[in-house]
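*Asks:* Hey, can you work out the whole structure from these sequences and the hints?
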Amino acid sequence: MKTAYLSLSFLLVMQLLLPANHAVAQEADAEAIVKKADEKFRGESSKGLMRMSIVRPKWERTIEMKSWSLGTEYFMLYITAPAKEQGQAFLKRENEMWQWLPSIERMVKLPPSMMMQSWMGSDFTNDDLMQESSIVRDYEKELLSTESLQGYECHKIKLTPKPEAVVVWDKILLWISKDDYYQLKAEYYDEFGDLVQTMTGSNIKTLYDRKLPATLTIEPADKSGHKTILEYVEMDFDIDIQPSFFSQQRMKRLH
Amino acid sequence: MKTIIIIAWRNLWRNKRRTLITAASVFFGVIFSTVMSSMQEGSYDSNVKNSVRFYTGYLQIQHQDYWEEKTLENHITYDEALFQRIQQNAMVKNITPRLEYFALASRGSATKVAQVTGINPDMEKEVTNITSNIDQGRYLEKGDAGVVIGSLLAENLELGVGDTITLTGQGYRYATAAGLFPVKGIVDFPSQELNKTMVYMALETCQQFYNAPDMLTSVSVMITDNDKLAEVQNQIGSLLPEDYTTMNWKEMMPALVQQIESDRAGGYIFMAILYMIILFGILGTIMMMIAERRRELGVMMAVGMKRLKLATVIVIETFFIGVLGAVTGILGSIPIVGYYVNNPIPLEGQTAEVMESYGWEPFMFFSSEPRIFYLQAIIVFILTVVVAIYPVTKIFTMKEINALRA
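Keeping their order, the protein sequence lines are chains L and E.
Okay, so the first sequence: first residue is 1 according to our numbering, each after it adds one.
Okay, so the second sequence: first residue is 1 according to our numbering, each after it adds one.
Treat the hints with care, since some could be wrong.
As the list claims (entries may be wrong) - Taking beta-carbon pairs under 10 Å as the criterion, some of the chain E residues facing chain L (in silico): (1) Glu-69; (2) Lys-70; (3) Glu-73; (4) Phe-102; (5) Ser-109; (6) Ala-110; (7) Arg-173; (8) Gly-179; (9) Leu-180; (10) Asn-211; (11) Val-392.
These are computed hints drawn from the structure, not numbers from a lab.
Backbone N, C-alpha and C fix where the C-beta goes; we use that ideal spot for every residue, glycine too.
*Replies:* This is how it looks when you write it as structure tokens:
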């Protein structure tokens, strides 16, 4: 009698726990997928060559630049083209962002109030560049469904900000391919539930040791004919680079 | 008719005290509401003037998309011939072309967001009278390579006259704009917002800085009479190229318009209550008067005076009381209003801070607009007409026989 009672209660408990367990497992899954995609995309450190095209209804502008990164704390950009902008550099060091302007030989610190402003006129904000907020750290993840995108089977994942996180978006939908963890699409929503911008990853090619979507296109939802295309031309991952590289002195001497 | 008026006038002075007390209630009501409306209208005027002067102008000529999206992309072109045609309009006082866009102002590691405004120094000073706000240093000259900055911006960046300010930002089509400019002067506006952000630059220097040759973001137009706003707007609109537009200050500052309207409505309610009290005051007097003179009225009717004539006498009496109160009230308020128009009451403490944060001068201004005065006269007239209904109906329904026995 006692054993029967025990096994019954055990069953009951299991039944109560199982769905919860299932949800926890799913959350862990989503967490792991986003983390893996992010790590793959970023690498521990990197060095690369990028081309950014800003497309506007009446005109277009292309900027070429070199980039260096170490973790999420350090980041440096050096503009190589067009000629008028050449020599400008941006440095992110911990939570500060600096700009070096060779034409007037001045270093300018970008104030926090500028973080939501466009970077170099593109549809990226200074905040995107700073990566102050992280999709890995600041959001709760939830697996929604499986969808096919650009011929890849993708996990559709919903990100909602953690209560204590200071972030811009109220919701992000991410599409990450099941094999290879390509971030193929992201939709960013504001607090009113409106779509603000869409980012798509395409042009999957081998960069250094890994295959990645090498072209990121960002399109604001409310401005037709506006978009920014960021293309990774070359990329080296997990290079040997020290935090000391990311200094104001170095910024002035980049080439 | 003349006799009736004379009789009414004499009747009034048969009981001086009653007449004077009633007239006094009108007198104080008129003084009070004149001074109150004068104060209200005065502060609206000054708020509008301050805002129009520094922010928008009465009218602005812009590219049609500029208001929606304030970028250099939506610019208009500097066109001397067009400006001259606009200035030929007799109702246009003066105009000033501007190129406005934000940039980062910095010194060392301190950085602030600044509103860089390229101006024609000569035209701008006519419109904004900015030279009177120069606190230190000097104002800009035509083609000046230096800048004039707001007092709080100077303070925040620890800049003084003669120091160099670093300005960076994005110019036309996102070309990087970067420059070093000597600070020639520091301006101190009533508006803290302007003090925090303003950087004035000569137009040519600004166009060069933003890589925007010959471009303007707006032309501000000051007009001689705010009441002609719509008319001038139409006339200027007809001169402009197709993708240009005009906006008036009411369109550009709807919040200010709403604020004035709701405040004015509040004033009207207050005034309505005040006059309601006066109305019942007069009505009370008239009722007492009719009751006291019941026998007299009965006698008049009995000896053959027509009811209509008798009613006219009473109506004119009522009217005289109103006129007496209104005229003395208006005359009495003129010196008060006149004094405060020229000597606005300075405000202190928190009220002053709030006003300054709106960009308004911290004074209680008064207006001497004629409308304020004759509005009181009209209201008092309507009051007396309303009050007169009582004696008129009383006279027409009165039975002589009863009245004689009273």
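*Asks:* Next, verify each hint and record whether it holds.
*Replies:* Now for the hints, and whether the structure bears them out:
1. Glu-69: Interface hint status for Glu-69/E: holds (9 Å vs cutoff 10 Å).
2. Lys-70: violated (13 Å)
3. Glu-73: holds (8 Å)
4. Phe-102: holds (9 Å)
5. Ser-109: With a minimum Cβ separation of about 5 Å from chain L (threshold 10 Å), the hint on Ser-109/E holds.
6. Ala-110: holds (8 Å)
7. Arg-173: holds (6 Å)
8. Gly-179: holds (6 Å)
9. Leu-180: holds (5 Å)
10. Asn-211: At about 9 Å, which falls below the 10 Å cut-off, the nearest Cβ of chain L leaves the hint on Asn-211/E intact, so it holds.
11. Val-392: Violated, about 63 Å.
Comparing the model with each earlier hint shows violations of hints 2, 11; every other hint is respected.
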